[in-house]
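For the record, the sequence lines run as chains A and B. Residue numbers for the first sequence follow our numbering, so the first one is 535 and each next one is one higher. Residue numbers for the second sequence follow our numbering, so the first one is -1 and each next one is one higher.
What the hints contain is simulated information worked out from the structure, not anything from laboratory work. Since the model is a prediction, treat every value here as computed from it, not as a measurement. Keep in mind that the hints are not guaranteed to be accurate.
Claimed, not checked - Partner residues are not named here, just some residues of chain B that face chain A (Cβ under 8 Å, in silico):
| id | residue |
| --- | --- |
| 1 | 34 |
| 2 | 135 |
| 3 | 220 |
| 4 | 247 |
| 5 | 261 |
Stated by the list, open to error - Restricting the straight-line Cα-Cα distance to at most 30 Å, the calculated cross-link-like pairs of lysine-lysine (DSBU-like) are:
| id | chain 1 | residue 1 | chain 2 | residue 2 |
| --- | --- | --- | --- | --- |
| 6 | B | 56 | B | 262 |
| 7 | B | 272 | A | 732 |
| 8 | B | 262 | B | 47 |
| 9 | B | 272 | A | 741 |
| 10 | A | 732 | B | 149 |
| 11 | A | 732 | B | 127 |
| 12 | B | 168 | B | 149 |
| 13 | B | 47 | A | 592 |
| 14 | A | 592 | A | 741 |
| 15 | B | 207 | B | 149 |
| 16 | B | 124 | B | 207 |
| 17 | A | 828 | A | 664 |
| 18 | B | 272 | B | 127 |
| 19 | B | 164 | B | 149 |
| 20 | B | 95 | B | 149 |
Unchecked claim - Here are some chain A residues pointing at chain B (derived, C-beta under 8 Å):
| id | residue |
| --- | --- |
| 21 | 563 |
| 22 | 578 |
| 23 | 581 |
| 24 | 644 |
| 25 | 647 |
| 26 | 771 |
| 27 | 828 |
| 28 | 829 |
Note that CB positions come from ideal geometry on N, CA and C, so glycine has one too.
Okay, here's what each chain looks like letter by letter:
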Amino acid sequence: MILFERFKAGLARTREATLDKLRNLLGLSRWDAAEYEQLEEILISADIGYDTTQQLLKTLMETAGANEIGANLSPGERLRLELNRLLDGDGASPHRFSAAPWVILLVGVNGSGKTTTVGKLAYYFFQQGKRSAVAAADTFRAAAIEQLEVWAGRGRARVIRQAQGADPAAVVFDAYNSVKARGEDVLIVDTAGRLQAKQNLMEELAKIRRVLNRLDASAPHEALLVLDATTGQNGLSQAAGFLRSASITGLIVTKLDGTARGGIVVPIRRQLELPIAFIGLGEAVDDLQPFDAKVYVDALLAI
Amino acid sequence: MLDELTEKFERFVRNLKGQGKLSEANVRDTVREVRRILLEADVSLPAAKSFIDAVTTKALGQQVLTSITPGQQMVKVIYDELAQFLGGASEPVRFGKSPSPILLVGLNGVGKTTTTAKLALYLRKKGRKPLMAAGDVRRPAAAEQLEILGKQLGIPVVRGESSPIKIFEKGYEFARREGLDCILVDTAGRQHIDDELMQELSELQAFVKPPETLLVVDGMTGQDAVKSAQAFSARLEITGLILTKLDGDARGGAALSVRYITGKPIKFIGVGEKTADLEAFHPDRLAGRILGMGDIVGLVEKAQSVVDAEAAEKAAKKLLKREFTLEDFKEQIIQLKKMGPLDSLLAMIPGMKGAMKGIKIDEREMKVVVAIIDSMTPQERRSPRIIDGSRRKRIARGSGTSVQQINRLLNQFEQMQKMMKRFGKRGAPPLGLPRMPF
Ligand SMILES: Nc1nc2c(ncn2[C@@H]2O[C@H](COP(=O)(O)OP(=O)(O)OP(=O)(O)O)[C@@H](O)[C@H]2O)c(=O)[nH]1
Ligand SMILES: Nc1nc2c(ncn2[C@@H]2O[C@H](COP(=O)(O)OP(=O)(O)O)[C@@H](O)[C@H]2O)c(=O)[nH]1
Ligand SMILES: [Mg+2]
Ligand SMILES: [Mg+2]
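Let's have the full structure, built from the sequences with the hints guiding it.
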């Protein structure tokens, strides 16, 4: 399992002491107050958030005494089971490529990794024998288009662009028509980073959606929030905001090659039911992996 | 989210209200709630722990003030301590021999390039002559990004070499030739566990020897902030911090984490995508934001500096015993006026913001009340019951008001006395001041 190895390699470089403590904890057959307290710290350090952590602890403590399935498992095993249950189900659309072109919109706050992920996604589809084109709908940030061109090259995708400052919805409109005419399989839309609290900028995304909608009533077929794994509790606000304005269908969690655990996806999954489609593991074009709950949970707990 | 948290905090302060003293038990309860608030604001566990220890020690040693409730006092201790943790007033950028280098470093996508341009603009406004060096040779179009920003601002940019060290050398020559006095060096984003890239950075710093190396931190960062800040400051000499993306709804608790780990001053905050969106850092504002509260502490401070605590307490005691007279009432109004515009003041009281919704406080009406009371005899002020019809007419004439206005004031006063009596059973009113009946 490549991904797993990658995580491990990354983690090998983090402090061994905490890891030992953790392995120890998860291996115990019985937990007392001190162990639960330790677990609380682990979960909070992973950015799972205070409330969700309390919820998890409660669930674990309740099932600890109960005579039900899982009661014969160790607390560590039950924890993994519970997290697995929470995160299960990958966010890839089961109908991917059922429409032509299949349109994927990438949205997110500033600097989360959207443009990079456009390139990685295109490359991922290229490897599956699909032809991609990308729309340069970030017309705001300096050199965003030049950056996208490099990434599109790496992902073997064609770029449809206009000048800096152009209306992003117009870029998307042109891109769709051009892709349709050429019969490419996928259109990936790169958008400018924006903070979810900014109403006017969020409205711009709604407009892009409306334009796509008029071209194909089912487009965009996927709208993915690109979320930086180092994000803390604001991630929940991000997911809620982009769900409201851009009707996101799932997440891509980036920068998991660092030491951040990306635990904020747990409350996001729990409260908004948004699944994770992919994870980003580096700055190279092939550093993208489809989401796998089991692997994610292990990484979350740094096993 | 912010509103929700403010409310939570207000609820928790309300629960504390009316307790006589800062006892060990209520300090402990309070800090548990504070821990939760800090964690929800993304303050990392170790930073939160150390902060809470400091608060507990401080709070237990506190003398109980008579003018405010223990809840408010606790809030003040927490807020003061937090502002202190976050550092003193905004510190200036450090310069050495001209052209003086400034290095900007940080994780991927935190805002280094944008901040390089923002800082260059800021320094130019201060009379400096900056040069920007595009030291990110890795990210696609990173140099173009900086160059475009430089063109927009009319600030020169050097770029195009194969390594950051070479770009800096080129910049150094350029700056000397052109008489520029500082060089802002943008660097590539990296992960703190990437040994090779961290090594590159420490070599760059060793070569450049900058008096200022700023770690740029995304304001939305969670618990990982301690790890990355620790790694950066282990490999590099960090001299200051810049927190970005605070124009959204992030609570910015990472500030506490990076301060705690590096001990370095937060010098600026980024509040938008435009090059002008850089602000000097104010620890008190960020403290309020992290705690997710209105300006409760501002109120407590104002109350402490303006209201004579003992006088307020005497008035409160009288009030509770129903000895509160119109004379005392007038005094309270005058003290309230010293504290500033009434609406904003009341909005600062935890729990008041909700209660005050829709209620408009008319400062003119406050003046009218003072005028009416001034037209009364000392006897009338002490026992308003003796104010009959003809006295009312006289007072109205004397204060330039109408009998109806006198009636209304006397009614309200009586109601307030009743209310205060009820309040008395549950403890002191906020600030020892009655809620004004207009
Ligand atoms: N280590 C690492 N870096 C990444 C990853 N994904 C993106 N990055 C880096 O993060 C930074 C920001 O990435 P971009 O792709 O420009 O992000 P963006 O969301 O398009 O940014 P804006 O358009 O400026 O909002 C760049 O330095 C990328 O190289 C990842 O999975 N791991
Ligand atoms: N909203 C907001 N966006 C910012 C701020 N600072 C930088 N950005 C954006 O964050 C993204 C990444 O910034 P960039 O300077 O390229 O980051 P770098 O990779 O660290 O050099 C860009 O979209 C910037 O426009 C800020 O204070 N507020
Ligand atoms: Mg981008
Ligand atoms: Mg950059």
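Tested hints:
This hint holds: residue 34 of chain B has a C-beta 5 Å from the nearest C-beta of chain A, less than the 8 Å allowed. Interface restraint check: residue 135 of chain B against chain A, minimum CB-CB distance 13 Å, threshold 8 Å, status violated. Interface restraint check: residue 220 of chain B against chain A, minimum CB-CB distance 3 Å, threshold 8 Å, status holds. A distance limit of 8 Å between C-beta atoms decides the matter here; for residue 247 of chain B the minimum to chain A is near 4 Å, and the interface restraint holds.
Using the Cβ-Cβ criterion of 8 Å, the hint placing residue 261 of chain B at the interface with chain A is not satisfied: the shortest such distance is roughly 20 Å. For the hint linking residue 56 of chain B to residue 262 of chain B, the alpha-carbon distance of about 23 Å falls within 30 Å, and the restraint holds. About 14 Å separates the Cα atoms of residue 272 of chain B and residue 732 of chain A, which keeps this hinted pair within 30 Å; it holds. Taking the CA atoms of residue 262 of chain B and residue 47 of chain B, the gap is near 19 Å; set against the 30 Å cutoff, the hint holds.
Proximity of residue 272 of chain B to residue 741 of chain A is assessed by CA-CA distance (about 23 Å); at most 30 Å being required, the pair is judged to hold. Between residue 732 of chain A and residue 149 of chain B the alpha-carbon distance is near 27 Å, which keeps this suggested pair within the 30 Å criterion. At roughly 34 Å between alpha-carbon atoms, residue 732 of chain A and residue 127 of chain B are farther apart than 30 Å, so this suggested pair is violated. The hinted pair formed by residue 168 of chain B and residue 149 of chain B meets the criterion: a straight-line CA distance of about 19 Å does not exceed 30 Å.
With a CA separation close to 23 Å, the supplied pair residue 47 of chain B and residue 592 of chain A stays within the 30 Å bound. Restraint check for residue 592 of chain A and residue 741 of chain A: the C-alpha separation of about 43 Å exceeds 30 Å, so the hint is violated. Pair hint residue 207 of chain B plus residue 149 of chain B holds up; C-alpha atoms about 27 Å apart against a cutoff of 30 Å. At roughly 23 Å between alpha-carbon atoms, residue 124 of chain B and residue 207 of chain B fall within 30 Å of each other, so this suggested pair holds.
Between residue 828 of chain A and residue 664 of chain A the alpha-carbon distance is near 28 Å, which keeps this suggested pair within the 30 Å criterion. With a C-alpha separation of about 20 Å, the suggested pair residue 272 of chain B and residue 127 of chain B falls inside the 30 Å cut-off, and the hint holds. With a CA separation close to 22 Å, the supplied pair residue 164 of chain B and residue 149 of chain B stays within the 30 Å bound. As the CA atoms of residue 95 of chain B and residue 149 of chain B are separated by approximately 26 Å, the hinted pair is consistent with the 30 Å bound.
With 8 Å as the threshold, the beta carbon of residue 563 of chain A stays out of range of chain B, its nearest partner Cβ sitting at about 26 Å, so the hint is violated. Restraint check, residue 578 of chain A versus chain B: the minimum CB separation of about 6 Å is within 8 Å; hint holds. Contact between residue 581 of chain A and chain B, as hinted, is supported at the beta carbon level, the nearest pair being about 4 Å apart and thus within 8 Å. About 6 Å separates the beta-carbon of residue 644 of chain A from the nearest beta-carbon of chain B, less than 8 Å, and the hint is met.
Restraint check, residue 647 of chain A versus chain B: the minimum CB separation of about 6 Å is within 8 Å; hint holds. Taking 8 Å as the C-beta contact cut-off toward chain B, the hint placing residue 771 of chain A at the interface holds, the least distance being around 5 Å. Restraint check, residue 828 of chain A versus chain B: the minimum CB separation of about 22 Å is more than 8 Å; hint violated. Taken as an interface hint, residue 829 of chain A does not check out: its beta carbon lies about 19 Å from the nearest beta carbon of chain B, beyond 8 Å.
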